[in-house]
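Number of protein chains: 4
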Amino acid sequence: MKNTFGNNITLTVFGESHGSAIGAVIDGLAPGLTVDLDYINKLLALRRPAGEISTARREADAYVIESGVFEGKTTGTPICIRIPNEDTRSQDYSATRYLARPSHADYTANCKYHGWEDYRGGGHFSGRVTAAIVAAGAIVLPALNKKGIKIGTHIKKCGGIEDRDFSEAILNEIDSLYDKNFAVLDDAAGNKMMEAIKKAKSAGNSVGGILETVVLGMDAGVGEPMFDTVEGLLSHALFAVPGIKGVEFGAGFAIADMTGSNANDAFFMEQDMVRTRSNHAGGINGGITNGMPIVFRCAVRPTPTLGMEQYTIDMAAMTDTVLQSKGRHDPCIVHRARIVVDCITALTIADMLCTRYGTDWLVDGK
Amino acid sequence: MKNTFGNNITLTVFGESHGSAIGAVIDGLAPGLTVDLDYINKLLALRRPAGEISTARREADAYVIESGVFEGKTTGTPICIRIPNEDTRSQDYSATRYLARPSHADYTANCKYHGWEDYRGGGHFSGRVTAAIVAAGAIVLPALNKKGIKIGTHIKKCGGIEDRDFSEAILNEIDSLYDKNFAVLDDAAGNKMMEAIKKAKSAGNSVGGILETVVLGMDAGVGEPMFDTVEGLLSHALFAVPGIKGVEFGAGFAIADMTGSNANDAFFMEQDMVRTRSNHAGGINGGITNGMPIVFRCAVRPTPTLGMEQYTIDMAAMTDTVLQSKGRHDPCIVHRARIVVDCITALTIADMLCTRYGTDWLVDGK
Amino acid sequence: MKNTFGNNITLTVFGESHGSAIGAVIDGLAPGLTVDLDYINKLLALRRPAGEISTARREADAYVIESGVFEGKTTGTPICIRIPNEDTRSQDYSATRYLARPSHADYTANCKYHGWEDYRGGGHFSGRVTAAIVAAGAIVLPALNKKGIKIGTHIKKCGGIEDRDFSEAILNEIDSLYDKNFAVLDDAAGNKMMEAIKKAKSAGNSVGGILETVVLGMDAGVGEPMFDTVEGLLSHALFAVPGIKGVEFGAGFAIADMTGSNANDAFFMEQDMVRTRSNHAGGINGGITNGMPIVFRCAVRPTPTLGMEQYTIDMAAMTDTVLQSKGRHDPCIVHRARIVVDCITALTIADMLCTRYGTDWLVDGK
Amino acid sequence: MKNTFGNNITLTVFGESHGSAIGAVIDGLAPGLTVDLDYINKLLALRRPAGEISTARREADAYVIESGVFEGKTTGTPICIRIPNEDTRSQDYSATRYLARPSHADYTANCKYHGWEDYRGGGHFSGRVTAAIVAAGAIVLPALNKKGIKIGTHIKKCGGIEDRDFSEAILNEIDSLYDKNFAVLDDAAGNKMMEAIKKAKSAGNSVGGILETVVLGMDAGVGEPMFDTVEGLLSHALFAVPGIKGVEFGAGFAIADMTGSNANDAFFMEQDMVRTRSNHAGGINGGITNGMPIVFRCAVRPTPTLGMEQYTIDMAAMTDTVLQSKGRHDPCIVHRARIVVDCITALTIADMLCTRYGTDWLVDGK
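Residue numbers (the numbering used here), protein chains in the order written: chain A, 10 to 375; chain B, 10 to 375; chain C, 10 to 375; chain D, 10 to 375.
Bound-form chain A, shown alone (with noise of 0.2 Å):
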């Protein structure tokens, strides 16, 4: 449903780039869950621009939570976290309302919502809501670490740099991600991204990337086929953030060119755990998880605001015209984009979880 999402768990966003606030209400969380305010801040603070690699724009992200939290703990009832926009400079937009920057959603928009779009720095479909999404699941992910499951994504791939894979090692101390502006594995790596960052921003242009996650700690048997299958639930989550264009899981898009017999992962007993020797279906059969890790990948497109001029149209006129931003943005949005997907990953997560559990599941082990 447009913007609410999930079954018994659900998250409804709200909110523009310019508007006076943004937000997130999650409803269906069971009771008792502590609400670690620092940990929110913790992780807004991975979402939010920083240095050279980033726009601009300077947002505190003072959130307030208006409602299902008391005394520190979760009541049960809908918890609204609203943020405030503070650095807005919506006269940057002004100048260019009826110019379609591409590959944003302007033109679409437009043709959506008949022009009563806000369309001041891209509105409804701005990062900036992404926001939200990460305050929820800064509530989300320490209760699913108490039940011993475990989220990382890192950054696999930015302007054609690759990072080093996940090891037994790294699946062990994943929760070190969360320590780190620039998720990698290999920092050597990172730096090189960075670099590969400002080069594309000194030049008035963007590049893109590929970020891989691993959920750790699932039991076998959650995922509800046909249609809410792991697979399912998760793309249809992850298409919502911003920029992402493709999402694949365990070997993906590599696994049309192998053969049965190199694909398929052998089950076999370690100790009293069944367990496989690959994980080419990145934890999931049948759209049910198997108990492996799950793993997948989402590739992150560009950022589409350029330095430079671009060919586009004018909406109002409707004729060929030039376009040069004058907005504050990104060179690259995949570090950023990174701790969105953690976060709508826990919350869809433990909305499967939720829904093979019950409601009180999430706490019952406390």
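The reader is advised that the hints may include incorrect statements.
Same chains, same label: a pair holds when it works inside one copy or across any pair of copies.
Unchecked claim - Pairs of lysine to aspartate or glutamate residues, derived as EDC-like cross-links and limited to a Cα-Cα distance of at most 20 Å, are as follows:
1) LYS207 to ASP47
2) LYS156 to ASP174
3) LYS207 to ASP266
4) LYS155 to ASP281
5) LYS159 to ASP228
None of these hints come from the bench; they were simulated from the model.
For this one, chain A is given, so just place chains B, C and D on it according to the hints.
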């Protein structure tokens, strides 16, 4: 929701591979649409196994429309299509009841359903169930065609062999794809693919591939962000098709390696029409159609059922063991999955249009 | 959603009165539940017309379970129950095709479906379709019973005659209601009701009544306010039963005339159990069960099909006209609607419990 | 879904009586609708306690529209309306934390949320939360009015006193009901009702009543049976309003005592319009509008908070005890609930119309 998908037009799927019947209920479809029984048969035939490159199981797909169609037209109330199962050899499966076929849903279904699942031939997880999707899609597709919307899928890659790309000329004749059992644009490439499939079969192995789909004739302005984006709804539906492990739109994962200036699709006016010079976004900006062709690709895994021995576990004894499948199976499902992709796409696209334009839209134009 | 209802356990209904079959798909039901074919027959018989007080149409209700049941147990995947239509006399309806039967759905269906609806015998709006609800409920009811939850409905009023109230003694033997074709607590009152029905029939007229339902054995704490309250979900489902025009909980409309001190249900401890001295709230406070019996009543209209002449319009000519029905019909549907109410209640209650306790709850206790 | 309601236009409600704010997110509303801030204030004032017949709590309802409105018009993206709580005396509630107020949600919330609920002033179960529904409805109502649809509710009965019935003349001036704080058709009856309320108040008691609502101007053909009937959707929504214990359409429970020949609404042509001579069906046949006024009534219980002593339990000690409420409270909520009923009706009706005619329908006619 589990086995029901869609917001305003919904598809509910039921049935197991070796039960008495599989089928679908389509609800919310406009009244007055012509139901062409021959066309349903034609599309079912495209999914049906045929020749050396498929399983030896032969199904007549002698479907019955139980409701929702009166005097050859849709009534507007739920359409139940039932397809009896006929050529089942259930005894093939009893001996291997507890041997989890690698990368099949045997183990995960056993975890989820605690052993109560109908294990024969994959039960509800069998590709057999997709016949119901095809029958449902075969009612919706002609209705979309009459509104100027066309959907076509070709085998972009199979067994390592690549097909030619869509060209403007081919898009103009996209209907002709429905005349092909093995839907390639370049028949020479198709022959090589079929050779690869046969070779895999003779080795007791299997191959995978990539399907590429295009949707033509969509208005700009369709899609319901933030969550019910075109990408989100389509991917959610597509991952219900057994064997799909990745979905990408437009340039997809390749966009990760582009710069913004390469990736952006410049708008321009062509007579009175807004168009883009490239289509790296796959016809979708901000989750909403922009009037260009919607383009996406699905990665299809090699069939997990193999003729060769595989290591696995015995789910009853919880011990390591070895499996040699005796059931009939496909050395490749890519060519059969193609019409399923067309049909689930048709249903999802029709649902989006119905959300935007109301329940009667499909028939209004008649 | 149109013909699908429920959040975690869903019911999808299809079929027309004079089509080839009606039926239902039940999804989300726990695996391992026993499916008792005789019990389904027993409940279908309670809905079936019988004797002078019903229509002369005779249906065997020879249902077929097409999927979701294996070796006598639910598998956890969708259960399709199909009930073929047999005793149809469709020619009865063609002559009066465009005569809108007053208070039937003929006119509104014609408006909604633009004349494409299957008009024979009320089509999808026929009470016939409720047989599918009964068959579905007959799978869920025994499973609820095993968890200690019982549901019973009696004819509180019919043709102006009132039945006795539920007493503690009767609640202890509520199962015995399923042994009665005409479900009253006081058989003498029942006989008078049947006399009233016969009298109406002989006059070419019909009578209505009130059904009262009780749900015993519910835990406190079930229900999902603000919207998915017990009252909200039950009433939503109950109004799907043709002929129901009002739903009230506990004291219902009578509470409007009470003062707070009379209406309030005082809590007290009975041994270790929390109970209330009265039950004017019908076992529900704030939309959530409080552990007392859930009590509600449904107003059932007199059957709109009459033997006598009625003024109406010709929908084709758009002129005033007179109608004399020739189809077979019921002089009263109250006694037949009763088991439909039991069954739709069972499905809705099971869905609520499954939302709270997870998909496996129904079977966990076994 | 819990705190979100609607299919194509959705309302999500959040907040607690003594939290920082309550509010609503309205999604799916057409772009370009005028948002009249004064009108929102006017409707909020109708819900606000006033004078002797209400609680002494005084709320400014100084709402803020955080998103979805730009330059005075809806944008088509989610509208978040936040209403800060101001006049809270939370300390009133701490002493009685574990005393379950009879017929309130204290006990059931405690069961459902295991004691983590915000208990102050009823928390999320407080009538305070309905202010958010009113604010949301106040955006939708004027848009419906412009499409010719009017909604009006009067106090049919209160404290045992009955109001006059709707007459044709009154229906023509139904807008004038919005000018009345105490919405009766017969002011003399209204004065008697207010006397009854004051009398109950002085006795530390409370009274209930019945609200009657009419929806004018609906096309025939709206509603989505079998489940999303007009009755089903409206009742589902209406039972979210605290204190409503029954909903009936048209003749409602009185129809149970009619014969078919009395109950049936004979169709006739009035010029080119199809009308019915009576309206016992309340404008709905088979769950679909027939073009006559939709008429329904809601039973509203007497406020459960009383000034007098009441027997109850201590939920912590699990012992019998006696409660004397000290919080401010209403001796009657019928007159305040009335605008909530109007507003939730407006949202539900708009949703149904949007399902039938598409997302843009509300604004198309402008």
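Verification of the supplied hints:
no., hint, verdict
1, LYS207 to ASP47, "neither (30 Å within a copy, 50 Å between copies)"
2, LYS156 to ASP174, "neither (26 Å within a copy, 48 Å between copies)"
3, LYS207 to ASP266, "between (35 Å within a copy, 16 Å between copies)"
4, LYS155 to ASP281, "neither (23 Å within a copy, 33 Å between copies)"
5, LYS159 to ASP228, "within (12 Å within a copy, 33 Å between copies)"
When the structure is compared with the earlier hints, violations turn up for hints 1, 2 and 4 and for no others.
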